[in-house]
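Chemist: As a plain string of letters, each chain reads:
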Amino acid sequence: MSRYLSADILIQGSYLLTAFLFIMGLKRMSSPVTARSGILWAGAGMALATLVTFLYPDMTNYPLIIAAIVVGALIAWWSGKRVAMTDMPQMIALYNGMGGGAAAAIAAVELYRGGDHGLVTMVLAVAGGLIGAVAFSGSLIAFGKLQGLIKRSYRFGGQQFFNLLLLLVALVLGGMVALHLNASPAVISAFFAVALLLGLTMTLPIGGADMPVVISLYNALTGLAVAFEGFVLGNAAMIIAGTVVGSAGTLLTQLMAKAMNRSLGNVLFSGFGESGGGAAGAVTGSMKAIEAADVGVMMAFASKVIIVPGYGMAVAQAQHKVWELTQLLVDRGVTVKFAIHPVAGRMPGHMNVLLAEAGVPYDLISDLDEINAEFETADVALVIGANDVVNPVARNDRSSPIYGMPILNADKARNCIVVKRGQGAGFSGIENALFYLDNTRMLYGDGQKAVAELIGAVKAIE
Amino acid sequence: MTGIVALYIFMLAAFTGYEVIAKVPVILHTPLMSGSNFVHGIVLVGAMVALGSADTTLEKVIGFTGVLLAAGNAVGGYVVTERMLEMFKSSGAKRGDKSQGAH
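Chains as they are written, first to last, in the numbering used here: chain P, 195 to 656; chain H, 220 to 322.
These are calculated hints, taken from the structure and not from any lab test.
Take the hints with a grain of salt, since some may be wrong.
Said to hold, decoys possible - A few chain P residues that face chain H, going by a derived Cβ cut-off under 8 angstroms, partial list only: (1) Val265; (2) Tyr289; (3) Tyr306; (4) Gly309; (5) Val314; (6) Leu558.
Here the structure is a predicted model, which means the values were calculated and not measured.
Even glycine gets a Cβ: it sits at the ideal position worked out from N, Cα and C.
Could you put the whole structure together from the sequences, leaning on the hints where they help?
Modeler: So this is what it looks like as structure tokens:
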């Protein structure tokens with residue numbers, strides 16, 4: 195008895211410390227200066243919690259537990275180390291789905307076992323199981339879409355109604371289990387099957403461009419599921435960590451949706467996000483080409499250059515060259531800044547990760563609100579791999595699908611250089627009025643090659 | 220743990236989560252989402268307890284799957300978050316100081 199008691203104090207004390215480390219870790223992760231130490235703190239908390247859990251009284255199946263941890267950890271470690279920074283969004287979706295699946299599995303074990311849990315416990319077990327299962331299958335679909343495994347969005351008439359119906363069926367089945375009306379294995383299995391199906395049908399119609407918001411939402415949901423199952427197991431660490439993630443994730447989801455100029459309801463229920471699609475007003479004028487040597491001179495003798503990178507830059511793997519060019523310019527006394535649109539990259543903040551990978555310090559990088567007023571004082575705006583986010587029609591053409599979206603004012607710079615592969619319209623199919631402006635010049639070519647030529651041109655001056 | 224105490228914990232933790240994230244700059248959205256994704260990997264301890272108390276084969280299979288998935292969540296979440304945050308440096312920081320990158 196006293197041995198159990200001291201083990202219990204050790205376990206509960208460690209969980210308390212873990213909760214503290216998680217919260218401090220997240221706090222530190224919200225500033226670039228301390229972010230790195232934040233994940234180390236949180237990691238220490240996780241390791242501690244995992245170790246003391248082996249001391250739980252009356253545990254069996256140790257070989258199974260250790261085997262499962264080793265296998266799961268090795269697969270995740272291997273995949274996490276290998277994944278390219280450009281593929282980060284889908285890996286987050288995948289790991290998140292695993293967490294949701296684990297929460298659903300805890301619910302399943304508790305429900306199949308039965309036992310005389312109170313009403314609140316049963317309701318939370320069922321709710322956590324439902325949310326966890328939806329987050330699991332939904333996140334896997336999100337992963338599949340971003341990874342390019344699922345190429346199209348599946349929609350059919352009455353889809354919203356069908357999803358609502360599935361949700362109702364899941365709630366009825368779950369209610370039967372929770373209220374001990376009929377908690378037979380068949381009903382429990384049906385409940386989980388419907389919940390998993392709901393995750394699939396909810397996520398399949400949503401377009402790839404909206405996936406980041408969806409992943410963030412499932413992240414918050416998984417947190418909530420973990421908190422609920424924590425209550426079922428009487429585990430304070432799970433309640434605290436799960437709830438913190440649930441509320442932080444909800445806020446983050448709202449911030450992301452706002453940054454992408456979409457509302458959450460819009461993302462989930464409109465089945466949009468594939469493309470703006472549709473013919474915008476014709477743009478008059480012509481695109482004027484320029485040679486790399488001329489751009490090199492222009493930039494080398496500028497006092498301020500603002501670089502506007504888009505996902506196209508990362509696809510062309512040009513970010514390292516861009517940083518090399520930046521350093522050359524800085525050495526010549528040119529002020530160089532990076533302007534990042536909230537949706538640059540594949541999710542908010544993704545472009546910052548890609549630039550950080552190339553070695554660009556974060557204090558050279560500004561977001562839309564900080565930098566937009568500065569374009570007017572810039573001699574050169576270098577747009578590379580970005581398109582819609584610098585399209586001025588978003589400001590002035592009401593008929594355009596992107597009207598109203600906040601854009602970077604690259605057109606206000608004295609000279610605007612656009613690095614572009616060819617003459618066609620961009621990814622979204624919307625003509626970009628910026629390309630036709632009098633102060634815009636097009637530098638045609640592959641992103642990486644074009645920037646390499648710019649580097650050569652700047653070096654040639656002297 | 221009584222229900223009402225759990226509710227208090229739930230409420231306070233919800234406020235904490237909100238406040239902690241409230242002022243985060245856009246540049247950290249991706250790593251922070253990844254970091255919070257790692258934090259709910261704490262589901263691992265619950266999955267361990269569930270598997271540790273499993274009796275029937277069905278419970279063991281589900282429990283095993285749960286622990287495996289949870290371990291994947293925790294370890295994968297940690298690895299990718301650490302990889303991303305490790306790269307964030309200011310221009311003041313000396314480059315190549317901490318060569319922690321790829322192991």
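Chemist: I'd like to know which numbered hints this structure contradicts. Please list them from smallest to largest.
Modeler: When the structure is compared with the hints, only number 4 turns out to be violated.
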